[in-house]
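Asks: Sequence:
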Amino acid sequence: MPLLSYSRSYSPTAADVGHVIRVECKATKRVGGGVLTKTVDTGLVLPFPPMPPRRQMLANVNEERLTPRLRQIGVFRVLTYNILAEIYATRQMYPYCPIWALSWSFRRELLKRELQSYNADIICLQEVQGDHYKSFFAPMMEEWGYEGWYLKKSRESMGLEGKVDGCALFYKRNRFILKERYPVDFNELANDFLKQVQTEYDLDYQGPSMAAREMFLSTLNKMRQRLQRDNVAQITVLEVVPANNEMVARKSQSGPLICVANVHIFSNPKFPDVKMWQTNMLAKQLERVTLNRNLPTILCGDFNSEPSSAVYEFMTRNHVPLDHPDIQHPPPQLANIYASLNLEHNIGFASAYASVFGAEPEYTNYTGHWTGVVDYVWYTPETLTPFAGLKVHPPEVLEAYSKTALPNCQFLSDHIPLCLDFSIKAAAINNGRY
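With the working numbering applied, the sequence shown closes on residue 439, and no number is skipped along the way.
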């Protein structure tokens, strides 16, 4: 049997297909020098699955209309992807997927292949596990020419260090310079919001009895339990570097700034009001960062909300009425607190996929128990133009190719990536600092 490696890890190669790999570990006793040996044989090495059907980038604007200056400065590709954290990739959740295809050691190879094929300038990932960010993403992305940062959810999962997911945002260091970054912790925002509600109540409190106040505080505590779901978001301000990277000529100049945000909204369908609250609070944070500077803004992520939801209406129409069914979902005493919210924003978002293709995709999440659209790329149309997008295959194409829902041997996640090409509008560049 030929020796393949002495390293602590080994990835099978094409030459190993059809063979069994034996792992041998030897331990030497400190006293006496005796050697203990343990060997484990794998099953037959299987060939790596073929690539899934190729997804094309389709343009809705003739690229020849992009001026040389826009090509040099303001054209970039953005990708968003919920990659399915290992802690959620279980046989109970995805019984149709072979157990070996759910393993992170296999799925990460699919992910490497997929990310390289899209070659995005900005990558927003959700469900990135903390230990995987340190051991896999950070070194790999640095090797590929990216910089980035990670924000984990506000809890430790299963009591184990690193076994918690979060959001990761990467950008090519030859295209962008990090100027600002803002972590958004929705648990902290919930505390701040409820403290303000309590302060306003105490200022207005006129009751002779403490019973009413105790009831109010009880309601406030229930509201806190409802809102604190550990979700997070990232807000990043980047300076765009010209494509030719003429840093010497730019010493006295700065490129235009853009704002990119990445979020994973709470998933439980029984809590649409929490999804709306988180989205509203994120919009408020974005307003603070962008409005005074009129920054071109892109918001990516898994919103766990369909196009019929209050979240979608809020994003596309800049507001949502308080009588929307999603807002009225919580118990009446909790809904009364929502009445104090200002569910509107002034950013002026539009859906990038709807702009390029005329409608949202048929799905972005495709499992054995549910299929629908929950992932989006939002942008500010006054300052940005999405001129091409990654086509989403019809469900019948996936079914004919993979025979099962996602994830499977070809698709590493139950979500699909969304990818778009943007150009910064000339007016935004001229009004900027470049």
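Source of the hints: derived by calculation from the structure; they are not laboratory data.
We put the beta carbon where it would ideally sit given N, CA and C, even for glycine.
Each hint should be verified, as a subset may be incorrect.
Restraint-style ranges between C-beta atoms, simulated for each label pair [what the hints assert, rightly or not]:
{"no.": "1", "residue 1": "R298", "residue 2": "D209", "range": "45 to 53 Å"}
{"no.": "2", "residue 1": "E205", "residue 2": "L63", "range": "27 to 35 Å"}
{"no.": "3", "residue 1": "L183", "residue 2": "P144", "range": "27 to 35 Å"}
{"no.": "4", "residue 1": "N351", "residue 2": "D190", "range": "17 to 25 Å"}
{"no.": "5", "residue 1": "Q333", "residue 2": "Q201", "range": "33 to 41 Å"}
{"no.": "6", "residue 1": "D190", "residue 2": "A344", "range": "40 to 48 Å"}
{"no.": "7", "residue 1": "A355", "residue 2": "P399", "range": "21 to 29 Å"}
{"no.": "8", "residue 1": "I104", "residue 2": "K200", "range": "44 to 52 Å"}
Lysine-lysine pairs mimicking BS3-like chemistry, simulated, CA-CA at most 30 Å apart [to be verified]:
{"no.": "9", "residue 1": "K117", "residue 2": "K139"}
{"no.": "10", "residue 1": "K200", "residue 2": "K43"}
{"no.": "11", "residue 1": "K200", "residue 2": "K289"}
{"no.": "12", "residue 1": "K289", "residue 2": "K227"}
{"no.": "13", "residue 1": "K117", "residue 2": "K158"}
{"no.": "14", "residue 1": "K275", "residue 2": "K289"}
{"no.": "15", "residue 1": "K177", "residue 2": "K289"}
{"no.": "16", "residue 1": "K289", "residue 2": "K117"}
{"no.": "17", "residue 1": "K168", "residue 2": "K117"}
Asks: Under the constraints set out in the numbered hints, which ones does this structure not fulfil?
Replies: 1, 2, 3, 5, 6, 10 and 16
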